[in-house]
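K.L.:
So the sequence lines, in the order shown, correspond to chains A and B.
Residue 72 in my numbering sits at position 72 of the first sequence, and the numbers go up by one each step.
Take any residue in the second sequence, note its place counting from 1, add 1000, and you have its number in my numbering.
These are computed hints drawn from the structure, not numbers from a lab.
Treat the hints with care, since some could be wrong.
Derived Cβ-Cβ restraints for the label pairs, each shown as a range [to be verified]: (1) F1003/B - N89/A: 41 to 49 Å; (2) A69/A - S1268/B: 41 to 49 Å; (3) K1054/B - D99/A: 53 to 61 Å.
Listing some non-contacts, in silico: residues in chain A with all C-beta distances to chain B over 12 Å [said to hold, decoys possible]: (4) M1; (5) L8; (6) G37; (7) D39; (8) N89.
Each computed DSSO-like pair below joins lysine-lysine, with the alpha-carbon atoms no more than 30 Å apart [unchecked claim]: (9) K1054/B - K2/A; (10) K71/A - K1263/B; (11) K1201/B - K2/A; (12) K2/A - K1263/B.
Note that the Cβ used here is the ideal one computed from N, Cα and C, for glycine as well.
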Amino acid sequence: MKIGVLALQGDFEKHREKLRELGAEAVEVRSAGELAGVDGLIIPGGESSTMLKLIDYTGLWDSLREFAASKPVFGTCAGAILMASEVTNPGQQSLALLDIAVERNAYGRQIDSHISRLELEDGPVEAVFIRAPVIRRTGPSVRVLASDHGDPVWVEQGMHMAATFHPELTEDGRVHRHFVDKVGSQPK
Amino acid sequence: MYFDEPFRLKVGLAEMLKGGVIMDVTNVEQAVIAENAGACAVMALERVPADIRKEGGVARMANIRIIRDIMGAVSIPVMAKARIGHFTEARVLEALGVDYVDESEVLTPADEEHHIDKRGFKIPFVCGARNLGEALRRIAEGAAMIRTKGEAGSGNIVEAVRHIRTIVKEMRQLTVLGHEELVAESKKLQAPLELVEMVAKTGKLPVPNFSAGGIATPADAALVMQLGAEAVFVGSGIFKSSDPEARAKAIVKAATYYQDPVKLLEASEEVGKAMDGLDIRQLGENELLQTRGW
């Protein structure tokens, strides 16, 4: 099993480290050719508007959509924004892989970035929010895996999932483990 | 001691800027051009370094209205510069809510002995460095991101190359030393042993390591990234060129595809005439910006 990390901009290196700690093979993806060789894709944190421009520049838009039709995608923060079906503050294009509405920079600026402790079934997990978005709406087929102050912060729908925080910036590997398991359970 | 929660949040934003281009802008129009080209952040200032160099006089923190207007116009992070040691300028920028403060040698230093004690702030700081000792001293003071100083406003990459090469080489050297040697190195570098040990263990700075100062072309950006920089700041290089929009886009592409010569060729073909450059050897010692700070 090989998992790709979209390496256009952002903290893709942190995701690769995390996947390696979990024993998964992780590679950087910057082109359609590289995307074709992986079984799952992580869209990292970073600036979503920058990633959108680079997806446009390199013509990766259609390849990403085709990939997501049959293989799992996991987005953190900017990645979650790119996966949403609706984006506000301001509105921007997205891949619409998850039936969620996301508001960018919803907590405010960097001064409002914070660390929370989320309750998961198997114990608390530390969640780092950096200029994070908030999921304002989830569709009926979206399952909420964790919430913070009433807002969903980790969601999944079918084989795809997204987190508005950065599990790649903490020691805990459980969020990534969940994704690795999803990729592993897909039919080849 | 260093990586407490507030500091991890500061470093966290720097992590998000990796692989990106942070562009100097002096008004809303430029900020929008930068964002539309794919900048991952903008640096709001009154004059770009090339103009500061040309016009002389005292360079201070930018007019607050300019910074506020830019913060209102773009959705990407907005940084602003404070003078070295001018902690009240930094407090003003913190109250304004900018996303990063650059304690910058490009502005006229306010204190010739002390840098800002950055740990006491809620907003993160980036500082310039020419070598590993300088980088680690700034981190010890609370900087959450380091950038090479290069020679700002020169359009000449030679100093940024010197600085990134020096830092990377000094880091590599630490990785092969024994502990008693690290103690001696810590003394030589005038930097805390704890930070020296972190570098020795990983071969990397404990915070993101970016490059600035003299980047004018897509190839310049790719060069410093290949030498180990994790993102680039472009100051005068974009808005002092003949083609800011195209150049901004091309440098954004170069920061992503810095290892791909074909993509770099494409990016290089998209740009026109670069800013005029300066031969650093023709500059007097008192004209150098990089020697400010210590």
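K.L.:
Hint by hint, note whether the structure agrees.
P.N.:
Cross-check of the supplied hints:
As the Cβ distance of F1003/B to N89/A is approximately 31 Å, the hint placing it in 41 to 49 Å is violated. Range check, A69/A to S1268/B: about 35 Å between beta-carbon atoms, so the 41 to 49 Å window is missed. The hint said 53 to 61 Å for the Cβ distance between K1054/B and D99/A, and at roughly 55 Å that hint holds. Distance check for M1/A against chain B: the nearest CB is about 25 Å away, which clears 12 Å, and the non-interface claim stands.
In this structure L8/A is not separated from chain B by more than 12 Å, as the shortest Cβ-Cβ distance comes to only about 5 Å. Chain B leaves G37/A outside its interface by the beta-carbon criterion, the shortest separation being 17 Å against a cut-off of 12 Å. Annotated as non-interface, D39/A keeps its C-beta farther than 12 Å from every C-beta of chain B; the closest such distance is 23 Å. Interface exclusion of N89/A from chain B breaks down, the closest Cβ pair being 7 Å apart, not more than 12 Å.
About 53 Å separates the Cα atoms of K1054/B and K2/A, which puts this hinted pair outside 30 Å; it is violated. A distance of roughly 27 Å separates the Cα atoms of K71/A and K1263/B; the hinted pair therefore holds under the 30 Å criterion. Taken as a hint, the K1201/B and K2/A pair is honoured in the structure, with Cα atoms around 28 Å apart against an allowance of 30 Å. Proposed proximity of K2/A and K1263/B is supported: the alpha carbons are some 25 Å apart, at most 30 Å.
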